[in-house]
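Chains A and B are the protein sequences, given in the same order.
Residues in the first sequence are numbered consecutively from 60, following the working numbering.
Residues in the second sequence are numbered consecutively from 21, following the working numbering.
Derived by calculation from the structure, the hints in this document are not laboratory data.
All C-beta atoms, glycine included, are put in the ideal place defined by N, C-alpha and C.
Hints are supplied without guarantee of correctness; some may be wrong.
[What the hints assert, rightly or not] Looking from chain A toward chain B, a few residues come up when the C-beta cut is under 10 Å (computed):
# : residue
1 : Y205
2 : A244
3 : I264
4 : L266
5 : A270
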Amino acid sequence: MSFLIAMVMIAPLVAASAGILLRRRARTRDIATMAGLGVAALGSFAILFEVASNGTQVIRVGGWSPTVGIVLVADLFAALVLPIALSIILIVEVFAVGQRRTAWGANPELAGPLLGVLTAGVALAILTGDLFTLFVAFELILVSSYVLLTHQGKRGQIRSGMTYVVMNLFASTLFLFGVAFVYAATGTINIALLAERIPELDAGIRLGIGAWFFVVFGTKAAIFPLFSWLPDSYPTAPTTITAVFAGLLTKIGIYAMIRFHTLTGMDELGPVMLVVAGLTMVVGALGALAQSDVKRILSFHVISQIGYMLMGLGLFSAAGTTGAILFLLHHMPVKTVLFLVGGLIENHEGTSSLDRSGGLAARRPLIAAMFAIPALSLAGLPPFSGFVAKLAVISAAIDEASIGIAVVALAAGALTLLSMTKIWIGVFWGTDADQAEATPAAPNNRRLMTGATALAVAGTLAISLLAGPIFDLSQRAANELRSADLYIDEVTSR
Amino acid sequence: MSIALLVTVGGLTTVGLYLITARSLSRILLGFSILGHAAVIALLTAGGPPGNAPLADRDSASDIANPVPQALALTAIVISFGLTLFLLALARRQQALTGDDLVEDDLEDKRIAARLQTASTEATA
């Protein structure tokens with residue numbers, strides 16, 4: 060078991076090194092990276108089954124005690140998020156291999172290995188049991204994302220890359236200061252020990268720490284008003300890269316926030332979180348309406364959706380946390396699929412601008428269908444996974460008598476649907492605006508791209524079909540996080 | 021906790037924050053280096069009173085410095101070193117493309133703001 064937990068981090072790193080060594084031999088390189096990511100994804104599913112049946116698994120790296128050493132903890136929350144995150148990266152890598160070297164495709168020599176490093180970072184961020192390793196994991200993710208975003212060196216990428224890097228670097232610096240504050244206040248950075256010691260601190264220090272980390276994780280998660288870097292930078296990257304960013308990066312921020320703030324019992328911050336959540340939803344949805352480019356609309360949706368997860372967390376009730384976890388699990392694949400379809404649209408139309416495309420539904424009905432399913436899911440229409448997740452969050456809000464936020468959430472859902480309609484009318488309806496189908500610069504493997512996207516769509520449908528069991532698991536994970544005792548016991552004893 | 025160290029942290033943070041509000045990426049880079057130092061010193065201060073090197077004299081556990089923040093500080097320094105290089109490369113690339121290393125605004129945002137302005141002038145006219 061401990062072998063598996065180590066493997067999900069080591070396999071992608073080995074794949075990345077192999078990818079760099081084999082960079083001149085395209086076929087071997089692609090197979091090596093896909094194999095490494097595939098092994099990690101399979102391993103993560105094995106971890107989920109093991110944790111769901113036998114409970115939390117803990118590794119003490121190097122055998123050190125949790126007070127000074129690094130621990131890796133696979134509790135149910137981590138075990139639920141991990142397989143979805145790693146499968147997304149695998150699917151995107153397959154799509155990227157299909158896309159080859161086009162104007163919109165990432166450079167395959169770099170993209171594969173960097174995705175490997177990113178995967179290791181994501182796995183470490185999900186599994187880590189201490190704050191400083193979380194910082195290192197964030198850096199691992201961010202450094203690879205900086206390079207993935209700017210590696211083509213185009214003007215727009217460098218321009219928006221600078222904003223992206225500066226914002227995230229600032230959040231990382233705040234994180235480091237936060238680690239220092241926490242260590243000064245409690246004498247530990249292990250999350251389990253913090254869950255024990257932080258509730259015993261003075262209210263002022265405790266809430267100071269909570270608010271500080273709310274800002275740190277909030278910047279990574281792109282909450283209002285810290286989101287300005289996201290809609291600027293995401294659309295400039297190659298579509299495959301944006302798909303990974305949108306599906307994972309902000310979600311790792313919200314994942315860390317759910318873990319830290321729930322385990323340390325920051326219930327008093329709830330009202331602030333709810334206000335920020337409402338503003339995030341509405342500003343994101345309104346921002347999406349104002350845009351006229353598929354990728355920019357989808358980027359604003361990322362922000363809007365973060366609001367729902369924050370709302371679930373901010374309720375600080377069992378039902379609210381369950382909703383937040385469920386929303387996180389549903390959102391990651393759906394968002395990735397939408398960006399992959401955005402990539403297919405670019406590939407066929409030669410642009411992702413709404414004004415310059417049209418009539419794709421008649422020519423490529425499969426792409427239209429693959430867009431419609433996740434789009435309706437994201438807007439929260441039954442019977443898709445988004446409906447279940449949204450229902451869980453909103454009914455939790457009504458249980459807590461927070462009617463205001465529930466109304467805002469419903470209104471933001473309607474606005475989301477409106478901007479999805481805008482994409483639908485612009486891209487799929489009407490007549491082909493002014494140009495014939497774009498001819499890509501290099502031979503693309505369209506079958507592989509479409510196949511990867513279809514697999515991801517099937518994955519989102521599977522989540523809505525399995526909504527019952529996934530809801531039960533999310534509920535168990537939420538209860539474990541909220542009572543914290545089990546987590547503390549598992550990490551500190553033995 | 022040493023007052024001198026705390027004042028140093030405060031001073032470095034002030035200078036660093038001032039520098040990262042600049043438009044030029046090379047100033048921002050200097051700002052982040054200084055902020056990084058401030059964070060590292062804050063980490064070391066958080067580790068308690070200074071003492072002997074943690075490995076030199078293992079017998080007397082009481083008068084050695086706390087090794088954990090030192091390990092954390094080392095890791096943070098290595099990471100910030102790598103990021104400084106990346107920022108330098110980014111500044112160099114921006115200079116090659118535009119002739120300076122200024123951080124620019126979101127173009128699409130400006131375009132939408134301009135559209136709003138035209139719409140309102142049309143409405144008043």
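Original post:
Does A/A270 pass the interface check with chain B, least Cβ-Cβ distance below 10 Å?
Top reply: Because about 17 Å separates A/A270 from the closest Cβ in chain B, which is outside the 10 Å limit, the hint is violated.
Original post:
Under the criterion of a CB-CB separation shorter than 10 Å, is A/L266 in contact with chain B as hinted?
Top reply: Violated, because the Cβ-Cβ distance from A/L266 to chain B comes to roughly 19 Å (cut-off 10 Å).
Original post:
Was the hint right that A/Y205 lines chain B, CB cutoff 10 Å?
Top reply: 6 Å, holds
Original post:
Hint check: is the beta carbon of A/A244 less than 10 Å from a beta carbon of chain B?
Top reply: 8 Å, holds
Original post:
Quick one, is the A/I264 hint okay against chain B at 10 Å, beta carbons?
Top reply: 13 Å, violated
Of the hints listed earlier, those the structure fails to meet are numbers 3, 4, 5, in rising order.
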